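S.K.: These are the residues of each chain, in order.
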Amino acid sequence: GAVVSQHPSWVICKSGTSVKIECRSLDFQATTMFWYRQFPKQSLMLMATSNEGSKATYEQGVEKDKFLINHASLTLSTLTVTSAHPEDSSFYICSAAHLSGRAGEQYFGPGTRLTVT
Amino acid sequence: GQQVMQIPQYQHVQEGEDFTTYCNSSTTLSNIQWYKQRPGGHPVFLIQLVKSGEVKKQKRLTFQFGEAKKNSSLHITATQTTDVGTYFCAATFTGGGNKLTFGTGTQLKVEL
Numbered sequence: 001g002a003v004v005s006q007h008p009s010w011v012i013c014k015s016g017t018s019v020k021i022e023c024r025s026l027d028f029q030a031t032t033m034f035w036y037r038q039f040p041k042q043s044l045m046l047m048a049t050s051n052e053g054s055k056a057t058y059e060q061g062v063e064k065d066k067f068l069i070n071h072a073s074l075t076l077s078t079l080t081v082t083s084a085h086p087e088d089s090s091f092y093i094c095s096a097a098h099l100s101g102r103a104g105e106q107y108f109g110p111g112t113r114l115t116v117t
Numbered sequence: 001g002q003q004v005m006q007i008p009q010y011q012h013v014q015e016g017e018d019f020t021t022y023c024n025s026s027t028t029l030s031n032i033q034w035y036k037q038r039p040g041g042h043p044v045f046l047i048q049l050v051k052s053g054e055v056k057k058q059k060r061l062t063f064q065f066g067e068a069k070k071n072s073s074l075h076i077t078a079t080q081t082t083d084v085g086t087y088f089c090a091a092t093f094t095g096g097g098n099k100l101t102f103g104t105g106t107q108l109k110v111e112l
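Residue numbers (the numbering used here), protein chains in the order written: chain A, 1 to 117; chain B, 1 to 112.
Hints listed in this document are in silico derivations from the structure and should not be mistaken for laboratory results.
These numbers come from a predicted model, not from an experiment.
Glycine residues also receive a C-beta, built at the ideal position from the N, C-alpha and C atoms.
It is possible that some hints are incorrect.
As the list claims (entries may be wrong) - Computed beta-carbon distance windows for the label pairs:
hint: 1; chain 1: B; residue 1: Thr-77; chain 2: A; residue 2: Thr-80; range: 32 to 40 angstroms
hint: 2; chain 1: A; residue 1: Gly-53; chain 2: B; residue 2: His-75; range: 24 to 32 angstroms
hint: 3; chain 1: B; residue 1: His-12; chain 2: A; residue 2: Thr-117; range: 48 to 56 angstroms
Stated by the list, open to error - Subject to a maximum C-alpha distance of 27 angstroms in a straight line, what follows is the list of computed DSS-like cross-link-like pairs (lysine-lysine):
hint: 4; chain 1: B; residue 1: Lys-99; chain 2: A; residue 2: Lys-20
hint: 5; chain 1: B; residue 1: Lys-70; chain 2: B; residue 2: Lys-51
hint: 6; chain 1: B; residue 1: Lys-70; chain 2: A; residue 2: Lys-41
hint: 7; chain 1: A; residue 1: Lys-41; chain 2: B; residue 2: Lys-99
hint: 8; chain 1: B; residue 1: Lys-57; chain 2: B; residue 2: Lys-70
hint: 9; chain 1: B; residue 1: Lys-109; chain 2: A; residue 2: Lys-41
hint: 10; chain 1: B; residue 1: Lys-51; chain 2: A; residue 2: Lys-41
hint: 11; chain 1: B; residue 1: Lys-109; chain 2: B; residue 2: Lys-57
hint: 12; chain 1: B; residue 1: Lys-99; chain 2: B; residue 2: Lys-36
hint: 13; chain 1: A; residue 1: Lys-66; chain 2: A; residue 2: Lys-41
hint: 14; chain 1: A; residue 1: Lys-64; chain 2: B; residue 2: Lys-99
hint: 15; chain 1: B; residue 1: Lys-56; chain 2: B; residue 2: Lys-109
hint: 16; chain 1: B; residue 1: Lys-59; chain 2: B; residue 2: Lys-109
hint: 17; chain 1: A; residue 1: Lys-55; chain 2: B; residue 2: Lys-99
hint: 18; chain 1: B; residue 1: Lys-99; chain 2: A; residue 2: Lys-66
So here's chain B without its partners, still in its complex pose (with noise of 0.2 angstroms):
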């Protein structure tokens, strides 16, 4: 089946540094989503990206969707010890209608 593979599987950081997570297919992807899952949370949807080279950004964190549609990249400028959770990327394929599959996830650690 579609897999959606994310790396790093764990990053741990010094608060203040900065911090990316990665995520590929070998498919094309209709459209990428991210989202933030605090320990014992449930996942929150942050940001859906569509179009090819898309870039958005919210605060401290950047968005961006690979010019063929197969990668996208989320990165945080300056941590904070509030950034820690694990991020997951969860795309949807062509004609798979809503269907999400989501990435292996990353989780982040901030240390003070």
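Isolated chain A, as found in the complex (with noise of 0.2 angstroms):
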């Protein structure tokens, strides 16, 4: 149990387009979804906190204009990247708290790498 999937696992796009990655949670609901991006050989950085059914919360130097995220429902989120530029390339994971899981407890997707060009 506890599956978390993305799609797509990775995307090749040319500067200024935009990409959407979704995060699925497949056997669970999740009220709760996060978004992380993390560059070569670095940590994970939490992008933003997303929540069902209300906005995202940002974190400090997140451009929420650039970085669009919908929590349409309790196992759906999507982040697109909007006017993608090569420096946005970077792993982007998304991870989900189950809804009666122990606190604190996220669940990972697989990742999407995304190569702007």
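Using the hints, put the two standalone chains together into the complex.
M.R.: Okay, structure coming up:
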């Protein structure tokens, strides 16, 4: 149980285009999903916290107009990178907190590797 | 903001040697989790520690949470090549809800 999927697993796009990444909790409901970004050989940096039915909370330094997050249901959150640039190339990982799980426990998706050319 | 420092950054060991990575925070933690990330993969949850002084074991892995809940360690006994990867601690802070702050990670390489 507690499986999180992400789609696509990798994507290459041209500079200036937008890319949407989906994060789904497959066998549980998640009131909260988290979006992280990981650059090569670095740690995971939290970008935003996504709560079902409400606006996402962005971390300091993360542009909310560039990284659009939608959490329309208890099993789906999407991250749209708008007007992507090469510096946005990174590994984007989502995680989901189980509705009835232990406090703090998150389940991570397999990640989406974004390359902007 | 709140940070979690992790040392060492890299560790190369011979198979069979022990390995330890340490996490430290200047702020008291609500709980701490440990994750393993294989090259090219995503973080996989290993364990969560909540209580002051807590010690948990998973086969060759031993996890400790400091008495002051400001530090934690992961110790691997007799490393194997399958232990290769980056180990991250991740902490939640009081008032931060489920928000995780990841440590800087320790990359472990195991040589035959």
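S.K.: All hints are to be evaluated individually against the structure, with a verdict given for each.
M.R.: For each hint, the structure was consulted:
1. Roughly 45 angstroms separates the CB atoms of Thr-77 of chain B and Thr-80 of chain A, a value that falls outside the hinted 32 to 40 angstroms.
2. Between Gly-53 of chain A and His-75 of chain B the beta carbon distance is about 43 angstroms. The supplied range of 24 to 32 angstroms is therefore violated.
3. Between His-12 of chain B and Thr-117 of chain A the beta carbons are some 35 angstroms apart, a value that contradicts the proposed interval 48 to 56 angstroms.
4. The suggested pairing of Lys-99 of chain B with Lys-20 of chain A holds, with an alpha-carbon distance near 23 angstroms, which does not exceed 27 angstroms.
5. Pair hint Lys-70 of chain B plus Lys-51 of chain B holds up; C-alpha atoms about 11 angstroms apart against a cutoff of 27 angstroms.
6. Only pairs whose Cα atoms come within 27 angstroms are accepted, and Lys-70 of chain B paired with Lys-41 of chain A is accepted, the gap being roughly 25 angstroms.
7. Straight-line distance between C-alpha atoms of Lys-41 of chain A and Lys-99 of chain B comes to about 22 angstroms, which keeps the hinted pair within the 27 angstroms bound.
8. Restraint check for Lys-57 of chain B and Lys-70 of chain B: satisfied, since their Cα atoms lie roughly 20 angstroms apart, inside the 27 angstroms limit.
9. The straight-line distance between the Cα atoms of Lys-109 of chain B and Lys-41 of chain A is roughly 14 angstroms, inside the 27 angstroms bound, and the hint therefore holds.
10. As the CA atoms of Lys-51 of chain B and Lys-41 of chain A are separated by approximately 31 angstroms, the hinted pair breaks the 27 angstroms bound.
11. Distance check on the hinted pair: Lys-109 of chain B and Lys-57 of chain B sit about 22 angstroms apart at the alpha-carbon level, within 27 angstroms; holds.
12. At roughly 18 angstroms between alpha-carbon atoms, Lys-99 of chain B and Lys-36 of chain B fall within 27 angstroms of each other, so this suggested pair holds.
13. The hinted pair formed by Lys-66 of chain A and Lys-41 of chain A meets the criterion: a straight-line CA distance of about 24 angstroms does not exceed 27 angstroms.
14. Distance restraint check for Lys-64 of chain A and Lys-99 of chain B: the Cα-Cα separation of roughly 18 angstroms lies within the 27 angstroms cut-off, and the hinted pair is therefore satisfied.
15. A C-alpha spacing of about 23 angstroms is found between Lys-56 of chain B and Lys-109 of chain B, which places the hinted pair at or below 27 angstroms, so the restraint holds.
16. A threshold of 27 angstroms between alpha carbons decides the hint, and for Lys-59 of chain B with Lys-109 of chain B the separation of about 19 angstroms falls inside it, so the pair holds.
17. With a C-alpha separation of about 16 angstroms, the suggested pairing of Lys-55 of chain A with Lys-99 of chain B holds against the 27 angstroms cut-off.
18. Restraint check for Lys-99 of chain B and Lys-66 of chain A: satisfied, since their Cα atoms lie roughly 21 angstroms apart, inside the 27 angstroms limit.
Of the numbered hints listed earlier, those contradicted by the structure are 1, 2, 3, 10.
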